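Listed below are the residues making up each chain.
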Amino acid sequence: MNASTASSFVEELAQRHLDAAYNLGRWLLGNEHEAADAVHDAFVRATRAADSYAGGNARAWWLAIVRNCCLARLASRKREAQQRHLSVVQASVPTEIDTVEADAEAEQRRVSIAAQLRALPAEFREALVLREIEDLSYREIADVLGVPIGTVMSRLARGRALLRRALEPAPEKAHGM
Amino acid sequence: MECKAAAHLLEAYLDNELDRDSARELEAHADTCAECAGELGRLGELRHALRDGSLRHAAPAALRERIRASAAARPTSARTLPAWTRFAAACVLAFGAGALSVYLWNFAPSSTASTQLTRDLFASHWRALAATSPVDVTSSDRHTVKPWFAGKVTPAPLVRDFAEQGFALVGGRIDYVGSTRVPVLVYKHGQHLIDVFVLPAMAGAPKAAQEQGYALNTTPLGEQSAAIVSDMDQQELASLTQLLGSSK
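Note that the protein sequences, when read in sequence, are chains A and B.
Counting in our numbering, the first sequence runs from 1 upward without gaps.
Counting in our numbering, the second sequence runs from 1 upward without gaps.
Keep in mind that the hints were calculated from the coordinates and are not lab data.
Values in this document were obtained by computation on a predicted structure and should not be read as measured data.
There may be inaccurate statements among the hints.
Claimed, not checked - With beta-carbon atoms standing in for the labels, derived distance ranges:
1) D52(B) with R77(A): 28 to 36 Å
2) A168(B) with R109(A): 37 to 45 Å
3) R110(A) with G41(B): 16 to 24 Å
4) Q15(A) with E164(B): 51 to 59 Å
5) D135(A) with A168(B): 29 to 37 Å
6) E168(A) with A238(B): 51 to 59 Å
What the hints assert, rightly or not - Per the computed footprint, the stretches of chain A lying under chain B, defined by three or more beta-carbons under 8 Å from a beta-carbon of chain B, are:
7) 43-52
8) 110-118
9) 146-159
Just so it is clear, CB atoms sit at the ideal spot from N, CA and C, and this is done for glycine as well.
With the hints as constraints, model all of the structure from the sequences given.
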């Protein structure tokens, strides 16, 4: 592969998995402009580093670069990140679901799930986003996050448990683990 | 299957990461256990909620266009060329080295079946040491490692953790010995990485062998036999050999 095929390979890859990249950016950074900038950074970086792709899962390779660019942005606003971490402990109370209309109830629940997913610590949030929204396998998630599969499994389990507890109606919540 | 084992596997089942046999066992268990079936249902509801599509942010058209523009503005940049050349050269070299070693391998004068097997075992161990990760499934829990093997090789090996005796199970992988796929249990003892190849009882591996500072010991393991390869000293090797030999 020469330089021009390498860069067209990266462009094709980036375009094909642009939604996945942007979605990951949105959930990690929580902001559309920063997510778009991070994905663009990632594209530039990926073009330069095309030789670090030594075969294997190209989507995981691309998303790993996107994630690194997002983490770089997160690091540069560490103070806010710390606040976000604290906010997990006092995660906002789920919206009351007592609406009679089923549609409204479903809508409430959607809003509430998005809010609770946003409130999760980043390590659980990113694992859940990659698994549930992007439908990556454990192996792919492990490649993106650069951790062993066992760690992926425990983060997913922890993330799901936290999310379920946060979404449970109040009375049962008191008896939580 | 007991609830405790099932609870451990529910999420892997939901994520399609269980091998077929374990999945079937789990389904059979859930048919008779209301608690596990309920848990599976609740996990399914959470999945349904997360996957309804409204949580996925699609990339804006402007971003798509921006990337297209960047790609066009960055014609064959000179800096990627040497990198790819290096990579290609490395491929050619690796291929050449591989071809040469296969050649030498086939024409080595003393290649009886047993020494061939011994060499395969050492080579496999060294390959694993050079790889990014010596394990395909990482777990100190034998209840995770065993089912992982179950769908990939038959019979699934006996898996035991000897962390208390100083030999911690770190995971497992499938490796080739000659042209046969065999399960490998990976242990750690201090800084030493230990591969335990689980072979058919009749494989004919020698009782003990040494090569370049690495040692091999063989012991029966249940119905099969285990070939232990590592760079531990003889005494440490002997104690793991004994632990494995006496495990049921």
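Taking the hints in turn, this is what the structure says about them:
1. Between D52(B) and R77(A) the beta carbons are some 30 Å apart, a value that agrees with the proposed interval 28 to 36 Å.
2. At about 44 Å, the CB distance of A168(B) to R109(A) agrees with the hint of 37 to 45 Å.
3. Between R110(A) and G41(B) the beta carbon distance is about 20 Å. The supplied range of 16 to 24 Å therefore holds.
4. One distance hint, 51 to 59 Å for the beta-carbon pair Q15(A) and E164(B), holds here, with the actual separation near 53 Å.
5. A beta carbon spacing of about 34 Å between D135(A) and A168(B) agrees with the range 29 to 37 Å that was offered as a hint.
6. Range check, E168(A) to A238(B): about 54 Å between beta-carbon atoms, so the 51 to 59 Å window is met.
7. Chain B is given as covering the region 43-52 of chain A, and this holds because 6 residues of the stretch bring a CB closer than 8 Å to a CB of that chain, at least three being needed.
8. A stretch counts as covered by a chain when three or more of its residues have a beta carbon under 8 Å from one of that chain; for the region 110-118 of chain A and chain B the count is 4, and the coverage holds.
9. With 7 residues having a beta carbon nearer than 8 Å to a beta carbon of chain B, the region 146-159 of chain A meets the requirement of three or more and the stated coverage holds.
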